[in-house]
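J.: Chain residues, written in single-letter form:
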Amino acid sequence: MATVTAGAKPATRRGASGGARRREALAGYAFALPFLLLFLVFTVGPVLASLGMSFTDLRSADISNPLAVEGVGLENYTKLMNDDSFQQAGINTAYFVLLGVPLTIVLALAVAVGLNSGITRFKTFFRVGYYLPVVTSIVAIAVVWRFLLEPTSGLVNTVLGYVGIDGPAWLESTTWAMPSLIVMSAWRNMGTLVIIFLAGLQTVPAEMHEAAAIDGAGAWGRFRHITLPMLRPTLLFGAVITGIGYLQFFEEPFVMTQGGPLDKTLSVAYYAYNQFGFGNYSYAAAMSYVLFVVIAVVTFLQFKWLGEKD
Amino acid sequence: MTTQTRDAAQAAATTQGPRRSTRARRAAAGEPHAQPWIYAVLGAGLVLLVGPFIWMLLGSFRPNRELQEVPPSWLPESPTLDNYRQLFDVLDFPTFFFNSAVVATAITLGNLVFCSMLGYALAKLRFPGKRAIFALVLGTLMVPGVVTFVPLFVLVSNLGMANSFPGLIFPFLAGPFGVFLMRQFILGLPDELIQAARVDGASEFRIFASIIMPLCKPVLATLGILTFLTSWNQFLWPLVVAQSEDKYTLPVALAIYSIGERRADYGLLMAGSVVVVVPVLLVFLALQKHFVRGIAMTGIK
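Taken in order, these protein sequences are the chains called A and B.
Per my numbering, the first sequence starts with residue 22, numbered consecutively.
Per my numbering, the second sequence starts with residue 2, numbered consecutively.
Think of the hints as simulated: they come from the structure by calculation, not from any bench.
Built from N, CA and C at the ideal position, the CB exists for glycine as well.
Heads up, some of the hints might be wrong.
Unchecked claim - Quick list of simulated restraints, FRET-style, between CB atoms:
hint : chain 1 : residue 1 : chain 2 : residue 2 : range
1    : B       : T106      : A       : L283      : 42 to 48 Å
2    : A       : E272      : B       : R132      : 31 to 37 Å
3    : A       : D105      : B       : Y40       : 50 to 56 Å
4    : B       : A197      : A       : W241      : 33 to 39 Å
5    : A       : G182      : B       : L194      : 37 to 43 Å
To be verified - Derived DSBU-like pairs: lysine-lysine, alpha-carbon spacing no greater than 35 Å straight-line:
hint : chain 1 : residue 1 : chain 2 : residue 2
6    : B       : K290      : B       : K218
7    : B       : K131      : B       : K218
8    : A       : K325      : B       : K131
9    : B       : K218      : A       : K325
10   : B       : K248      : B       : K131
11   : B       : K290      : A       : K144
12   : A       : K285      : A       : K100
13   : B       : K248      : B       : K290
14   : A       : K100      : A       : K325
15   : A       : K144      : B       : K218
16   : A       : K285      : A       : K325
17   : B       : K248      : B       : K218
Whenever a hint applies, use it, and build me the whole structure from the sequences.
T.: So this is what it looks like as structure tokens:
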């Protein structure tokens with residue numbers, strides 16, 4: 022469809038009068054205005070203020086006495102570069118994202134396509150089931166997963182024992198703690214992507230599949246050459262949202278490992294959260310903005326690779 | 002799938018010649034009946050996904066000492082309603098429930114309206130500054146949440162909204178996530194619909210309200226659920242803003258109650274988690290049927 026639209030546009034634009042174009046632009050601003058008013062006041066304002074905060078020495082004690090706050094330029098940022106825990110957190114976050122994002126997307130896409138493949142019986146049951154982990158409280162999830170991963174009596178190691186594998190102490194191992202959290206996050210977050218992909222799959226016209234099936238295309242061929250290209254805007258959305266969410270990952274180590282063992286599951290967002298807790302507002306803000314720059318670069322690359330011909 | 006489409010496709014399939022297999026014809030009709038193995042795989046996956054939830058549900062009906070046994074068992078040995086009774090005795094549930102419902106509903110409705118409007122404009126209308134607006138929206142989506150809480154709280158206090166519903170609602174009424182979601186979805190809708198409506202003399206608002214929005218039902222359902230879930234479970238911000246008990250939301254009340262001496266009372270925690278989850282599940286059940294309906298794109302390419 023993208024190519025068809027691209028071909029059709031210039032013709033209409035040439036045909037449209039200046040008045041029609043002005044009308045369209047006015048409508049655009051009218052549609053944007055209500056959102057932008059709220060957004061500028063309650064989101065953009067605080068974001069800019071927090072960015073400013075990262076160049077000061079603001080601590081919790083200064084909130085009641087803002088005059089004591091001084092600008093310190095890039096001091097917070099240079100301090101970060103020499104902070105070993107921060108570097109470890111950066112490496113951990115990269116590890117988590119590089120494995121976690123593709124795993125979650127592939128699983129969610131497979132489930133969404135499965136749910137969309139003409140399932141008639143238990144339809145609601147399946148949809149609700151796959152979404153349950155998203156709604157279940159993280160506290161309950163943590164309790165269950167700690168039980169699953171328990172070294173001696175846990176379900177995972179019990180099953181591994183049947184095939185003669187001596188499973189590790191997952192959450193206490195510097196090697197296995199992070200992979201455990203990656204699998205758990207994919208488990209917990211794929212439901213959101215499933216319903217997003219499911220919505221996107223509805224935009225793939227059935228006729229295209231029909232035509233291709235008549236021409237003898239197999240299921241895999243149709244998936245690759247029809248579904249995937251048509252789903253690209255939704256896939257891009259899923260990849261970007263998951264990338265952003267995972268780069269800020271925090272809850273899983275918070276409830277499962279408290280960042281351990283030996284800082285091996287400490288994420289950047291978790292470290293920043295700790296610094297906020299200690300009242301080091303400006304240092305935590307600087308940390309958050311380093312993370313922000315990384316997220317922006319990653320998102321930019323995703324747009325470039327999965328991108329739109331807009 | 003409408004019957005016309007099926008007939009048309011079947012007609013097309015038959016004209017191709019009789020050697021087409023039943024399966025090919027069925028696939029051609031756009032109704033590939035799910036193979037048994039798809040049910041098997043989806044079912045196996047479901048067990049892994051639902052297990053922990055069932056455990057939470059069962060856990061809420063067992064006394065705390067039973068939950069601390071190693072190894073834990075699945076079924077309650079001595080089922081009890083004590084956890085729920087205790088929860089409802091100690092906490093002012095109607096108030097917290099009402100607060101949560103007001104906040105989550107207002108935020109959800111706000112996002113549905115504001116985000117679909119801007120999302121549509123960004124996807125289909127041409128106006129100067131469009132790219133800058135989209136970049137700004139995406140940009141704020143990337144800022145780690147907690148970092149803005151300090152300035153946001155100063156702002157909300159200065160506006161006199163601390164410890165009030167507006168203070169709980171306004172900061173999240175227009176979120177970047179919804180704009181991004183709506184824009185990506187609307188991009189996939191055909192431009193020809195809008196052009197045809199313009200030729201027919203429909204106003205821009207009319208095009209949005211009676212052509213685009215009905216086609217957006219699946220994505221609106223998705224956005225509705227995701228927003229409702231996020232705002233319902235939101236914890237850190239209400240904890241900061243709601244200073245008196247009559248403004249607590251459910252998660253805040255539960256968390257405050259469950260820290261301190263109640264910290265290790267897992268039975269109570271499970272019961273609390275169940276109570277928090279039920280309304281979200283109901284919203285999900287109400288909206289999920291729209292996920293795969295509402296798009297009548299047949300005939301437009």
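J.: Now, for every hint given, state plainly whether the structure supports it.
T.: Status of the hints after comparison with the structure:
Remark: the range hint 42 to 48 Å for T106(B) to L283(A) is upheld by a beta-carbon distance near 45 Å. Against the hinted window of 31 to 37 Å, the Cβ-Cβ separation of E272(A) and R132(B) comes to about 33 Å, which satisfies the hint. Under the hint 50 to 56 Å, the C-beta atoms of D105(A) and Y40(B), about 51 Å apart, fit the expected range. Hint check: A197(B) to W241(A), Cβ distance near 36 Å, so the stated range 33 to 39 Å holds.
One distance hint, 37 to 43 Å for the beta-carbon pair G182(A) and L194(B), is violated here, with the actual separation near 59 Å. For the hint pairing K290(B) with K218(B), the CA-to-CA distance comes to about 10 Å; that is within 35 Å, so the pair holds. Distance check on the hinted pair: K131(B) and K218(B) sit about 24 Å apart at the alpha-carbon level, within 35 Å; holds. Of the pairs offered as hints, the one joining K325(A) and K131(B) holds, with about 19 Å between alpha carbons and a cut-off of 35 Å not exceeded.
Taking the CA atoms of K218(B) and K325(A), the gap is about 29 Å. The hint holds against a cut of 35 Å. Among the hinted pairs, K248(B) with K131(B) is inconsistent with the structure: their alpha-carbon atoms are about 39 Å apart, more than 35 Å. The straight-line distance between the Cα atoms of K290(B) and K144(A) is roughly 9 Å, inside the 35 Å bound, and the hint therefore holds. For the given pair, K285(A) sits about 21 Å from K100(A) by alpha-carbon distance, which is consistent with the 35 Å threshold.
Under the criterion of a C-alpha separation no larger than 35 Å, the hint pairing K248(B) with K290(B) is consistent with the structure, at around 33 Å. Simply put, K100(A) and K325(A) have alpha-carbon atoms about 33 Å apart, close enough for the 35 Å limit, and the pair holds. The straight-line distance between the Cα atoms of K144(A) and K218(B) is roughly 19 Å, inside the 35 Å bound, and the hint therefore holds. This hinted pair checks out: K285(A) and K325(A) have alpha carbons roughly 32 Å apart, not beyond 35 Å.
Distance check on the hinted pair: K248(B) and K218(B) sit about 33 Å apart at the alpha-carbon level, within 35 Å; holds.
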